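K.L.:
Residue strings, one per chain:
Protein chains: 2
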Amino acid sequence: MTAMEQMGKRAKEAAAVLAVAGRKKNDALLAIAQALLSHSEEILKENQKDLENGKNAGLTPSLLDRLALSQERIAAMAEGVRQVAAMPDPIGTVLSGGVRPNGLEITKVRVPLGVIGIIFEARPNVTSDAAALCLKAGNAVILRGGKEAIYSNLAIAGVMREAVAQAGLPRDSVQLVEDTSRQSSVELMELTEYLDVLIPRGGAGLIKTVVEKSKVPVIETGVGNCHVYIDSDADLEMAASVVYNAKTSRPSVCNAIETILVHEAVAERFLPLVKKKLDEKKVELHGDEKTRGILGGCVIPAAEEDWVKEYLDYKLAVRVVPSMEEALRHIARYSSGHSECIITENYQKAREFTSRVDAAAVYVNASTRFTDGGEFGLGAEIGISTQKLHARGPMGLNELTSMKFIVLGSGQIR
Amino acid sequence: MTAMEQMGKRAKEAAAVLAVAGRKKNDALLAIAQALLSHSEEILKENQKDLENGKNAGLTPSLLDRLALSQERIAAMAEGVRQVAAMPDPIGTVLSGGVRPNGLEITKVRVPLGVIGIIFEARPNVTSDAAALCLKAGNAVILRGGKEAIYSNLAIAGVMREAVAQAGLPRDSVQLVEDTSRQSSVELMELTEYLDVLIPRGGAGLIKTVVEKSKVPVIETGVGNCHVYIDSDADLEMAASVVYNAKTSRPSVCNAIETILVHEAVAERFLPLVKKKLDEKKVELHGDEKTRGILGGCVIPAAEEDWVKEYLDYKLAVRVVPSMEEALRHIARYSSGHSECIITENYQKAREFTSRVDAAAVYVNASTRFTDGGEFGLGAEIGISTQKLHARGPMGLNELTSMKFIVLGSGQIR
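Just so you know, the sequences run in chain order A and L.
The first sequence stops at residue 413 when you use numbering that gives the first Met the number 0, and every number in between is there.
The second sequence stops at residue 413 when you use numbering that gives the first Met the number 0, and every number in between is there.
In short, the hints are calculated from the structure, not lab data.
If you're wondering where the values come from, they're calculated on a predicted model, not measured in any experiment.
Hints may contain errors.
Okay, the calculated bits of chain L under chain A, using three or more residues with CB under 8 Å as the criterion [stated by the list, open to error]:
| no. | region |
| --- | --- |
| 1 | 10-24 |
| 2 | 52-62 |
| 3 | 360-368 |
Ranges of calculated distance between the beta carbons of each label pair, as one might list FRET restraints [as the list claims (entries may be wrong)]:
| no. | chain 1 | residue 1 | chain 2 | residue 2 | range |
| --- | --- | --- | --- | --- | --- |
| 4 | A | ALA302 | L | VAL19 | 30 to 38 Å |
| 5 | L | PRO100 | A | GLU325 | 48 to 56 Å |
| 6 | L | GLN70 | A | GLY376 | 31 to 39 Å |
| 7 | L | SER69 | A | GLY96 | 52 to 60 Å |
Ideal Cβ placement from N, Cα and C applies to all residues, glycine included.
Next comes chain A alone, as it looks inside the complex (with noise of 0.2 Å):
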């Protein structure tokens, strides 16, 4: 057995103690929270390391930022976890049932998934995050975050294992793969016998590599390519406004657009009038040869790649399109299926774009940036699911369970 394979085994053992484990999930998860505070010292010294290797290895700012832990982000992870333990527990809730004509008692129940494995880039809130999500769903959990914040990971997981095994749960509830290279992702990927699912957090390409390579089912999370098709009836003030916050509040995050559709018929009014907004941000504009007719020299001619790239920074895509009809053609080709927009005042054109458009989230007249667990109302996430299968769009507690039948009978014979 290897040592991937025994984390696994373990892994499993301990999820079979979880799924029955009730409210003692609740101790252990605010026996985390107190645990993150009162270790804080150690858990910052050894970010510190992380930083320090960060700083040689030579990680722009902005990684470095992404990595870099204070006493208020710790804070703010402990707080995370309260929340979680706060929300009601998914296990156990009845789904359905009833009594069919022979008499047996058939209801669907909510399980666990059992043990869940996530692969993460370098942000270290990530550990405990998402382990708090998956122990008050009753599962175990597997993690394997990036080598940059090796040590702050090892930290915050050696404390979310002892204050869990303090409120009487296996230990091995939350672990941590200790070896970082590519080796122990793809060992992972292969853990069939022990994980229910594995789900990566990150970058397209640690995405696309772990969609493509696992042999565990996977949850495909986070991709957007997201657009705003603004509509001939659009109302235009509402348009502009909306294309700057969904593409200037936060570019870097996947609910943020990356391409804009206009509708030709209004282009010459509307494109001026986005431009101006975002010009504020100075974002760059790439655009098809009818934009640029408008906007001018300014506008970087758009190529294929400009379609289909995910900026994640202050760039917009602009393409004017004669119709809908070409609008929803374009969708159909480039969106990642996360998030549509379409800006109109047209009742028919509503709700023909909304029951057309293939995507988690599909929105009339407002920004894309409400794709979130939180702004749904559905609690803290683990990501957004961009593909069809089992979770789409925030994936919440409910999203990291399963469900089974149970059959109460008196003796039945089929």
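For chain A, the structure is supplied; the task is to place chain L on it using the hints.
P.N.:
Frame of chain A; chain L shown alone:
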């Protein structure tokens, strides 16, 4: 673009139409049912070719029987399709929704999965059954059947495609892969750009291959290593009746049992009782030492593989256990997560068994043979899922769908 990619592309285009096809889907299903009947002569003629090839290839009588069609069997296929047409359309169902404090109106609605691939073995009736369920749930389907049934499948798929087109929906809503080489299976398993899910239907070997090789998400169906645990507090007459039914009413199906675990306190009374009943059907017993001590030399000594194997035959593995705890351990180790049963009159043990056993269906005092979409009141099914992601247990129409969030606003920004 390969031929398989072209099929995928056509399927995706068809799926976009099916997603908003509404009741036209029922028109298509009724047209299919009608067409199966009116073209039964030519289907039977093609089936005859498969049967002759099968005889020449030395297929067993039971395989030839599964392959054989008749007027009655075609009528049953048509009736099956009609029943699917009569079911309520799952698409568009509002699963949840409400208004957020900022005025955003968010609803979660059921939508099709998109394109479903089905890899199946020699039963031609799967062609119409599976295609009808996929179609009803708004999905395009690519079918890849076994080479033994290729002429029958081509005839059935041809009739279906024609009927779908006559009802005004895309002919490519239903496609059959003509190439039955191993290569075509591999290509289907790698068709990630177009396929949303792949469902293998057939024996354990087929399912294992698809689960291991596929890059497309797979829903694992149908492998059933099911157990009945006869507790020390069992009603032994009931136990014998349930075991007899669960083993012998149809041994070749996945919800039949393969092993019984008998509490040692009742083993001496129970084993002779159940053996007497099982002898009626000449069930071959494979027992551990204690079982052989009680029943004598007529019991074949059980080896490790007897606990692992899905016999699908008039064979039953028998083990005497010292406690429910040991029965739970045995089940956790060997169960395929399909259907598991306890026979007991003890309230506490019934509750503990149902909460701790991790399977799609967990029974108290009833035959595992009830794990079935129809018996559970869920309608026609495409298989029994034994995995925990997306669908578990009988997979009916709802399990062939996904969902999306529709967000209606009035200019909200974040």
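K.L.:
What hints, given by number in increasing order, does this structure fail?
P.N.:
Violated: hints 2, 5, 6, 7.
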